[in-house]
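Protein chains: 2
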Amino acid sequence: MSAPMEIEKKFLVSECPALDDFKAEVVRQGYITSGEDSVEVRVRQKGEGYYITVKSKGTLARSEYEAAIEPTQFETLWPATAGRRLEKTRYTGTLPDGAAVELDLFEGHLAGLQLVEVEFASVEEANAFKAPGWFGADVTEDKRYKNSALAVADQPPA
Amino acid sequence: MSAPMEIEKKFLVSECPALDDFKAEVVRQGYITSGEDSVEVRVRQKGEGYYITVKSKGTLARSEYEAAIEPTQFETLWPATAGRRLEKTRYTGTLPDGAAVELDLFEGHLAGLQLVEVEFASVEEANAFKAPGWFGADVTEDKRYKNSALAVADQPPA
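Chains as they are written, first to last, in this note's numbering: chain A, 1 to 158; chain B, 1 to 158.
Don't take every hint at face value.
Which copy? The list can't say, so a pair holds if one copy fits it or any two copies do.
[Stated by the list, open to error] DMTMM-like, lysine to aspartate or glutamate: derived pairs with alpha carbons at most 20 Å apart:
#1 Lys146 to Asp20
#2 Lys23 to Glu107
#3 Lys23 to Asp97
#4 Lys57 to Glu36
#5 Lys57 to Glu15
#6 Lys23 to Glu141
#7 Lys57 to Glu25
#8 Lys130 to Glu36
#9 Lys23 to Glu36
#10 Lys57 to Glu125
#11 Lys57 to Glu40
Hints were generated in silico from the structure; no laboratory data involved.
Let the sequences and hints guide you as you build the complete structure.
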């Protein structure tokens, strides 16, 4: 089964807004495999949900397999991700124009990093998007801000 | 946590004995990772039990993490092991001298292969072991008969 295509943009945050109306949840994810391996195996906590995900790295037909797991299963496998983890609090809310955003405040070795993602229903919508004043630089295409890269970085990208 | 050290020998089977007094169970295992990857991730069914196991490949400090999983979780991850699987029926029983043996009759691409393993309490016991007449060649040190090698072989080793 393939994951549905997501159209989203990712930005730095120049000034974090008040988060009173946002829903907060803990996100922890760690990679069991290394970046050079033929497959990516990730465990993830998102609020009350726990998952294991396998992504193949083929270029033509990438496959993805994901199973919900129990917290105890997560805790058993989590130590296998040492050195390849990221932990953050994700704030989910809606901009005045109706766009749903996810604001990630990172912890641990990435403390201080703040990223905001906006998801769009179409490419046209993404192209027409005007970022609010509190958004910083658009880092959608900057590979240093991919989760798998952040997990093994020494600190937030400069 | 490290797995306890196992002392066992593995043999081909020259003449399969009557298995009436043996317990039979299905064993299916598949590798999510490839042999060159930095870590080994395996899912396994053994009778009614299902497991995911992560083994690091470090030479000094090899770690192993294993979690029991549900059949539905196993079935979700099993497709990620295509081309890196082995399936067999394992017969467990006791030799006249009291040694516990595991006799594996392989299926699928390994159909026809039969292996028997004997586990020992000590190295002395292993060295003193006299194989019964129905045992074939000792393949304990033959890497072609490792599970991870058999899983990706085209057919049983010649």
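Here is what the structure says about each hint:
1. Taking CA atoms no more than 20 Å apart as the test, lysine 146 paired with aspartate 20 passes in neither setting, with 27 Å inside one copy and 57 Å between copies.
2. For the homomeric pair lysine 23 and glutamate 107, the shortest alpha-carbon distance inside one copy (18 Å) is at most 20 Å, but the shortest distance between copies (52 Å) is not.
3. Taking the shortest Cα distances, lysine 23 and aspartate 97 sit within 20 Å of each other inside one copy (18 Å), while across copies they are farther apart (66 Å).
4. For the homomeric pair lysine 57 and glutamate 36, the shortest alpha-carbon distances inside one copy (10 Å) and between copies (14 Å) are both at most 20 Å.
5. With identical chains, the CA atoms of lysine 57 and glutamate 15 are never at most 20 Å apart, being 36 Å at best within one copy and 44 Å at best between copies.
6. Taking CA atoms no more than 20 Å apart as the test, lysine 23 paired with glutamate 141 passes in neither setting, with 27 Å inside one copy and 57 Å between copies.
7. With identical chains, the CA atoms of lysine 57 and glutamate 25 are never at most 20 Å apart, being 29 Å at best within one copy and 34 Å at best between copies.
8. Within a single copy, lysine 130 and glutamate 36 get their C-alpha atoms no closer than 37 Å, and across copies no closer than 46 Å, so neither meets the 20 Å cut-off.
9. When the C-alpha separation of lysine 23 and glutamate 36 is checked against a cutoff of 20 Å, the pair qualifies neither within a copy, at 35 Å, nor between copies, at 42 Å.
10. Taking the shortest Cα distances, lysine 57 and glutamate 125 never come within 20 Å of each other, neither inside one copy (29 Å) nor across copies (46 Å).
11. Within a single copy, lysine 57 and glutamate 40 get their C-alpha atoms as close as 7 Å, and across copies as close as 16 Å, so both meet the 20 Å cut-off.
Violated hints for the displayed structure, listed by number in ascending order: 1, 5, 6, 7, 8, 9 and 10.
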